[in-house]
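Top to bottom, those sequences are chains A and B.
Note that the numbering used here has the first sequence beginning at 1, numbered continuously upward.
Note that the numbering used here has the second sequence beginning at 1, numbered continuously upward.
Think of the hints as simulated: they come from the structure by calculation, not from any bench.
The beta-carbon is built from N, C-alpha and C at its ideal position, and this holds for glycine as well.
Hints are supplied without guarantee of correctness; some may be wrong.
[Claimed, not checked] Calculated from the model, a selection of chain A residues having no Cβ within reach of chain B, i.e. all distances over 10 Å:
#1 64
#2 264
#3 458
[To be verified] Pair ranges (Cβ atoms, derived):
#4 B/587 - A/37: 39 to 47 Å
#5 B/605 - A/262: 18 to 26 Å
#6 A/428 - B/575: 21 to 29 Å
#7 B/572 - A/262: 38 to 46 Å
#8 A/171 - B/575: 50 to 58 Å
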Amino acid sequence: MLSLLILVPLAALILLNLPLKEALRKWAFPLALAIALAQVGTVLFAPSSLRSASPFLEQLVSLTLQAGNLSLVLLLCIGIVMFTALLVAKPMIQGPRPWFNFINVLLISLIGMNGAVLVTDLFSLYVFLEVTSVASFVLIAFNRDRDALEGAFKYIVLSAVATVLMLTAVALLMLMAGGTGFETIRLTLAGTNANLLAKIAVGGFVCGLFIKGGLVPFHGWLPGAYSAAPAPVSVLLAGIVTKVSGIYALVRLATSVFPPSGPLNHVLMLVGAVSIVVGALAALGQSDMKRMLAYSSISQVGYIVLALGCGTELAVAGAVFHLFNHAIFKSLLFVNSAALEQRLGTTDMNRMGGLGSRMPWTGVTSTVAALSTSGVPPFAGFWSKLIIIIALWKAQDYAYAWIAVLMSVVTLAYFLVLQRKVFFGKVSRELAEVHEASFALVFPAVVLAAITSGVGVLLPWMLDSFLLPLKTIL
Amino acid sequence: MSPTALLLLPILIPLAAGVLVLLVRWSSGRAQGALALLATIGSLLTAIYLFSKDLSCSLPWGGMGMAFALRADRFSAFILLSAAALALLVTLYSFKFMIGRRYPGQFYCYLLLSLASLSGAVLADHLVVLLFFWEGLLATTFGMIAIGRPGAFKTATKALIIVGITDLCLLLGIALTGVAAGTLILSKIRLPLDSLASAAMLLMMIGAISKAGAMPFHSWIPDAAVDAPLPFMAFMPGSLEKLLGIYFLARISLDLFQMTPGAWISMVMMIIGAATIVLAVMMALVQKDYKRLLSYHAISQVGYMILGIGTAVPIGIVGGLFHMLNNAMYKSCLFLTAGSVEKQAGTTDLEKLGGLARKMPVTFACFFVAALSISGVPPFNGFFSKEMVYDAARSRHVAFYLAALVGSFFTAASFLKLGHSAFLGRRRAENDGVKEAPPSMLLPMIVIAGSCALFGLVDAIPVRHLIEPAVRNSAFAAQHWTEPHSFAGWHLNAILVILTLISLAAALLNHLLGARIGGGGLHAADHIHHAPVLSGIYARAEQRYFDPYDIGMKFAMAISRGLWGVDRGIDWCYDRLAVAIAGTFSRGIRLAHTGDYATYALWCVAGAAAVIVFLAMAV
Numbered sequence: 001m002l003s004l005l006i007l008v009p010l011a012a013l014i015l016l017n018l019p020l021k022e023a024l025r026k027w028a029f030p031l032a033l034a035i036a037l038a039q040v041g042t043v044l045f046a047p048s049s050l051r052s053a054s055p056f057l058e059q060l061v062s063l064t065l066q067a068g069n070l071s072l073v074l075l076l077c078i079g080i081v082m083f084t085a086l087l088v089a090k091p092m093i094q095g096p097r098p099w100f101n102f103i104n105v106l107l108i109s110l111i112g113m114n115g116a117v118l119v120t121d122l123f124s125l126y127v128f129l130e131v132t133s134v135a136s137f138v139l140i141a142f143n144r145d146r147d148a149l150e151g152a153f154k155y156i157v158l159s160a161v162a163t164v165l166m167l168t169a170v171a172l173l174m175l176m177a178g179g180t181g182f183e184t185i186r187l188t189l190a191g192t193n194a195n196l197l198a199k200i201a202v203g204g205f206v207c208g209l210f211i212k213g214g215l216v217p218f219h220g221w222l223p224g225a226y227s228a229a230p231a232p233v234s235v236l237l238a239g240i241v242t243k244v245s246g247i248y249a250l251v252r253l254a255t256s257v258f259p260p261s262g263p264l265n266h267v268l269m270l271v272g273a274v275s276i277v278v279g280a281l282a283a284l285g286q287s288d289m290k291r292m293l294a295y296s297s298i299s300q301v302g303y304i305v306l307a308l309g310c311g312t313e314l315a316v317a318g319a320v321f322h323l324f325n326h327a328i329f330k331s332l333l334f335v336n337s338a339a340l341e342q343r344l345g346t347t348d349m350n351r352m353g354g355l356g357s358r359m360p361w362t363g364v365t366s367t368v369a370a371l372s373t374s375g376v377p378p379f380a381g382f383w384s385k386l387i388i389i390i391a392l393w394k395a396q397d398y399a400y401a402w403i404a405v406l407m408s409v410v411t412l413a414y415f416l417v418l419q420r421k422v423f424f425g426k427v428s429r430e431l432a433e434v435h436e437a438s439f440a441l442v443f444p445a446v447v448l449a450a451i452t453s454g455v456g457v458l459l460p461w462m463l464d465s466f467l468l469p470l471k472t473i474l
Numbered sequence: 001m002s003p004t005a006l007l008l009l010p011i012l013i014p015l016a017a018g019v020l021v022l023l024v025r026w027s028s029g030r031a032q033g034a035l036a037l038l039a040t041i042g043s044l045l046t047a048i049y050l051f052s053k054d055l056s057c058s059l060p061w062g063g064m065g066m067a068f069a070l071r072a073d074r075f076s077a078f079i080l081l082s083a084a085a086l087a088l089l090v091t092l093y094s095f096k097f098m099i100g101r102r103y104p105g106q107f108y109c110y111l112l113l114s115l116a117s118l119s120g121a122v123l124a125d126h127l128v129v130l131l132f133f134w135e136g137l138l139a140t141t142f143g144m145i146a147i148g149r150p151g152a153f154k155t156a157t158k159a160l161i162i163v164g165i166t167d168l169c170l171l172l173g174i175a176l177t178g179v180a181a182g183t184l185i186l187s188k189i190r191l192p193l194d195s196l197a198s199a200a201m202l203l204m205m206i207g208a209i210s211k212a213g214a215m216p217f218h219s220w221i222p223d224a225a226v227d228a229p230l231p232f233m234a235f236m237p238g239s240l241e242k243l244l245g246i247y248f249l250a251r252i253s254l255d256l257f258q259m260t261p262g263a264w265i266s267m268v269m270m271i272i273g274a275a276t277i278v279l280a281v282m283m284a285l286v287q288k289d290y291k292r293l294l295s296y297h298a299i300s301q302v303g304y305m306i307l308g309i310g311t312a313v314p315i316g317i318v319g320g321l322f323h324m325l326n327n328a329m330y331k332s333c334l335f336l337t338a339g340s341v342e343k344q345a346g347t348t349d350l351e352k353l354g355g356l357a358r359k360m361p362v363t364f365a366c367f368f369v370a371a372l373s374i375s376g377v378p379p380f381n382g383f384f385s386k387e388m389v390y391d392a393a394r395s396r397h398v399a400f401y402l403a404a405l406v407g408s409f410f411t412a413a414s415f416l417k418l419g420h421s422a423f424l425g426r427r428r429a430e431n432d433g434v435k436e437a438p439p440s441m442l443l444p445m446i447v448i449a450g451s452c453a454l455f456g457l458v459d460a461i462p463v464r465h466l467i468e469p470a471v472r473n474s475a476f477a478a479q480h481w482t483e484p485h486s487f488a489g490w491h492l493n494a495i496l497v498i499l500t501l502i503s504l505a506a507a508l509l510n511h512l513l514g515a516r517i518g519g520g521g522l523h524a525a526d527h528i529h530h531a532p533v534l535s536g537i538y539a540r541a542e543q544r545y546f547d548p549y550d551i552g553m554k555f556a557m558a559i560s561r562g563l564w565g566v567d568r569g570i571d572w573c574y575d576r577l578a579v580a581i582a583g584t585f586s587r588g589i590r591l592a593h594t595g596d597y598a599t600y601a602l603w604c605v606a607g608a609a610a611v612i613v614f615l616a617m618a619v
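Chain B extracted, bound-state conformation (with noise of 0.2 Å):
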């Protein structure tokens, strides 16, 4: 196959199948699963042939010296191996989640279009191409959303609106882009960081972390949470958006512009990371929802990528990607599990759960790895990402690294919270006829925890072959990371491990500390809830004042009702002065109409008199 088809294989397979199955007729979803499980069976299938080709073609498109190009090189490649896997497992597991639920056929269609719209970003060797592609997503994303539970609509639209706001910010970053290089193919620029190119960066940067849900851009992800199809939390901010939000982060980390550690975009990369990662681990850990809670997770683990690859030092970049890869997947399998319980228990309100690990026992299983590995306990995958992320944090300021471990230890605090309260415990009477999941909903769960554990005990395998020649190829390996040692493997900092280590203990000991203060699992962290200054911030951060959407929506509103009363005014001049005016003139005249006739010939004469006059004396 000429390589233009090949590459245009991965966008198309899933546009087309995504069209398909809105023609679909039947309701009940299981013809529509189908359609989409094949197709992702063929994305899955072209992205491996992908893999390790080095592939590129341009195609004419839209004038103005604007050409659809492509390109697959590692690190794409990567990315796409990764979204067209958890495709496949996500429409797996849909095939039964999603029968008897409303609107199946525009679900997977705008599955499948996320992916096509995914492949079609990573692809994307142009970078309006990729800001194309990159706006279809969102699209999806609102559509997603707004097919979940009645009155999703208004979260869909936050969704829409706070990424559309920051999507802008990317349309003005490539703008500059294109100014500052003269180009816009990506595979041909490589500026230096000079003021222009500074601001180009950082309204790109915007752009990406937004698209990956970090920090003040995440609100509509708690919300979506509640209200969106679970599959889709699993795919989209569980997964698809990290891998493409951090994927173009690190491409223009690493390719587009030369930064170095002394940037100052670098530091505000990691000041947003580390902010990130202990804001959001702080919400999390007093949500009282399984699926809220997970959320706040999906923001936090955020934070740790973009830590890494903001120290731009190679370990952090490779311990961020690694991270993105681990998070994608142990994240989506939490996803995945709370979608069981919700199945199966028919809520994911944590009051109304308990000892579900004997009634659900694999669920359980897996729900542990993928909880070990998100905590960073060894041998899991999650551990070994954290430590090279911790390693670099450390390198540029200890603060980081601080924050990156206080992060660490309220992650596992969180989770011992929620396994406690979920599946150990006292079983609530209602819970007793919960039945464990159906196999199809199953697999996808074990495939995933299974590769958890595989990438921990061999991490080898995906640093090695996948993320490690991803960066080796970019422009900033060759000037900054010229030694050819690889990360793989246990090459870790002693001291790291062990406060790593100590860290874990100190969750634990305050998790049976705190259930034995409140008195079960749920309550565990209420210590810190309820502790002095916390409890205030809580409070209101709950209350939404911390909200940038909401505070937007004050503002913009303060600025409508504002204009609504300049509209009044300017309607009050039409309606009401001006036809006051018209009419006060009209009645004067009708009264001066008063049909005698002498009146209006002596006005005649009058009239005839000054006109006569008048040019007579003009000169």
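With the rest of the complex left out, here is chain A (with noise of 0.2 Å):
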């Protein structure tokens, strides 16, 4: 059954091309939305469905796939954020042709995604994660103006060279297991702990994740990406592309393929703690709110990576419960920029203000990001963060607590600049005409910040169900 999450929108992506009327078209939409809401349907209702084998299909795709509980948490992340691109894609990708497109593309991105969380062996992974990268390029450079295709360009270029470090490890333990395989690269690795050519390759392909997910110092790209793509492909990057492609990745590699290291950990820890700092300090002086919250999406993730560093299982079941809650809240934030771009035609916080009485469910709901953002109960990202900063403190790493401690300060600083700026205070003359975004924008924004706050308010409940059994993702 698994491999249905591929060729489901493989095929509707083959069956809209055909060279048929064009009146198959106006399905596309209607089709897209269904295929994200089925994704979520399934993981929700029914995860029992995505263990089973159907020997017919797999033999198609002779591909050997497997879910666990990571990929089911992952799968239900990508039909959530798809799901909200595609309603904020409608109302702000204008003509007929250009939305058919969108949404071609769309679907070969989370082609590209279902097949990176699900494949077993690094090579499959590399070419899901290239999918999946070669539709960001085009969905950053979809309008085509200069800031977009500035931005695309530094991402190609980055991703060349996360490309070559990739394809370098793969072709290095590929030689030294001879298959790639996660199960035979386990093995093989654990049996050559000293090998210099397999510390290479681990090295190597980490270092090609990260920039993938954007960490500091391998983030160029994504400030400039986020903030010139449109507002539906900034909801898709930040919310799961780069979390898939990075970070999925990396914790699935570090926990269950790669042999555990302790100087690997030092690495994911450092790499962790200096993408807090300097992305919650970059995200404090900008005026731009994408670039703000490209920077705070850079930050959040060096959260994530700082936990899976630390390696305890609290700690990866806190980074995985993390970046759960980070595809949430950051996708709810990306569409409330999404809804003032709509009203304003600008993402320029100078020229906003007062906006919370105008625009009051953009308003209301970018508070409750902001809030589980900088790890405010009772929203959902404070217990995830108090899971990361419980698990560090428990593995007696004290200085990285107390990093972690003081960006969350940091974060609500600058996400309380960002609420000044925009929705607090009297609202200027030029803007007093500005009324609330339309509905397309408003129901994601509404359905996101249940979640994060009804996750955060019933964890206690939702404890035994949800969050323990990540620990047996390891």
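Dock chain to chain to rebuild the complex, using the hints, since each chain is given by itself in its own frame.
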């Protein structure tokens, strides 16, 4: 059944592009929306169906697919964010032709991401990451203006660096193990602990993933790409694409493929901490909302990698929980920025102010997201940060725990700057006529805000069913 | 009626009436006054019914082994009776006095709640219950002062802080007593004065004498005299708080702790008593306001009671308690005359008064009797109680006796001055229209003044029936007062009586001399006021150099200024330093992001190289 997650979007893509009547294209949006919703529904209500194998379909793809708990969390996030991005795109992408193309590229991106979280060998992982990345290049440059092209170009250049690093690593590992399956590599690396080539290969692959995930100092492409991309693409990139292509792969490899190693954990923690600090401080100085959110993403991803580097069961559970929360609240913030862009035509915060009274839904949901990101109870972000900090403290990484706490304060600081500049205060005269964004932008914002506050409030009941099983991903 | 219900009545009647009074909506004050009058009559009848009965009850309360234990014995019944009688008279007096004044409803509410609190505190047989009602009295004191003239709130706060701090001492003392005795039931505690028990007693004594208004916890009383409604002064610092404070002082001295003349705490009490007598009366002498002058006497007279009980000999204790009763009578009477003068003449400033005796003859007569009584002129009641205290003080040390005698001399001198300047002398033209006070205000004064004379002429009535049974009942009397004779009647030391009479004569001479030098009754004490050393001390006292509250407030202000500075420093760290640091880093990072993809690619490569080298080199 797992292969359906890849095959259904693929089939839809082919069906839509058959040389049939133009009338079929009208169904593109509902079809894509239905695929995203079906993915969410399957993960939530029928996860067991994803575990059973169907010989016929498996032979069709000739890939070994597998879905652990971690993959399920990611599939859920992919479905939610894809659904959100589609809704946000509806009012933001103008013209039938670009709109049809946009949906097609989104479906390709969906195929890439679903494949990446399901495959069980290193080379297939690389292939699906590249599928996702190529889709992202197109999406970033979708508007074809100067900034968009520049952002896409930077992403291509740095992705090329990542490709070099990852392909080299795959080649070296294949040389040593004779295959690229996760299990084969794990057994081989466990036997050759002190092998120099193995270490270089692991380092190379991890650095490639750092670039994809946008961690400092590998993050150069990220702020430009996020801020230049069209609003729905920003939602998709920040919410899920970099998480799947960078962070999921890191979690998967570091916990169950690469041998447990102190130095690798040190690298992860250091890179994570540096990302947290640099991202938060950089966000503090931004005046463009999307740039600020982009740097904020770097900072939040830093938390995930820091916890991953800590390596204890609790820390990894916190990392995955934060990954989920980040997908929700960062998508929400980008939806809010899309709403502002729709009504004001800009994301420059210096030209906003007092919009809370004019756009109440956007204002309230963005406050919820900001509080959740900053780790204010009772929102979901509070719990994941709390788990990460407790795990760091228990592992006696006191300095990193302090950095995590202090930078959460800075997070709150830059979000307060955002709220004050955009939503609080009195509305100026030229903004007096602004009104609430369209339903397609408000609806996903409300749903996402409900998820992030609902998960936070209901966590005590979800602890046993949702969070603790995360430990069993190891 | 069951003993439980009977013991609860003196608390519940004024409590319920006090709450009801607040519900009355007419603002004239008549309806509230009538309700309060009914309640106080009810309280008095209950107190009479309770008298000479020995009852106790205990209700579960508060958990943790605490019980709402009440007990009425001869001592508490005697205090209850006095308080209820005074409450009735003051309410009667206020009926006319409060008409047209601010907040009559609140006034009667506080008055009735004060009576309820006092009844509860006096009847309490559990120290926590006692503390509960004790604090109730503090709350009503605060309220009573606060509803006075505009600006009285500051004085109310002062009273609350001073008495609140000493009540904290009482709380600690109760806790220590509980530790030492293993119980908080009053009637089961009887501790020898070892070091822990002495500390407990000292702390409780501070609470008790502060409630009674002794130095150095007195400084709110003269301020309240000016700010609060006048019946409050007659009722609370004049009588009710003295009754409660001295009652509790006697309780701890007689029952809770085995106090003997040899105990150091007895010496402490005598020194406080003697100092309070002399210092407060010296301040009273130079006051130029009717109410302020009386308020210093309200402080000074406490000294006699504390001195009497502190001597720890039977005659002193009986004398101290007798003085408490007498003081409650003549002091409230004196404050009531001040109220009459204020209501009729519109002022209590002695500069603007004079020659009122002819216009207000009944008020003057009552004032005269009460003044003779407080000055200790035979055969009025104050004379007998003071003589007992003198006798006891002399038996401990002659210095205490001399202090008490000097106090008596100045008391007489200051009342000669007050009477002369307010009621005698030349009448000012604007006071020609002054009339006698209405009968409902005169009646309480007449009753009290008559009682002063009665309790003096036949001192057997209070001494034999009220005070001695209360003292006899105590554990102290069982050990130290075994001989059966009574102190009532003329069993007085002849030499002491002669010395008293000489000092009174000297006071009269001093006044006549002073009035001739100063020109008029008001300036009769000026030669003492302006005496070489005293004038400097007086000047400083009037600038409040010696007010412990002001000293404490200055100290607190200095601390808070220091803390304010620290706070500004912390604020600066957050508002300036942290922002500057974050801003600097933020700017640096922004400058590093040039947007040049070659730079970014270089970062990636350098980073990847560093990671790979680190992993390869690491063992």
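Results of checking the hints against the structure:
1. 64: holds (28 Å)
2. 264: Contrary to the label, residue 264 of chain A does not stay out of reach of chain B, its closest Cβ about 6 Å off (not over 10 Å).
3. 458: About 35 Å separates residue 458 of chain A from the closest Cβ of chain B, which puts it past 10 Å; holds.
4. B/587 - A/37: 39 to 47 Å: With a Cβ separation near 45 Å, residue 587 of chain B and residue 37 of chain A satisfy 39 to 47 Å, so the hint holds.
5. B/605 - A/262: 18 to 26 Å: At 25 Å between Cβs, range holds.
6. A/428 - B/575: 21 to 29 Å: Hint holds: Cβ distance 27 Å, inside 21 to 29 Å.
7. B/572 - A/262: 38 to 46 Å: With a Cβ separation near 43 Å, residue 572 of chain B and residue 262 of chain A satisfy 38 to 46 Å, so the hint holds.
8. A/171 - B/575: 50 to 58 Å: holds (56 Å)
Of the numbered hints given earlier, the model fails hint 2 alone.
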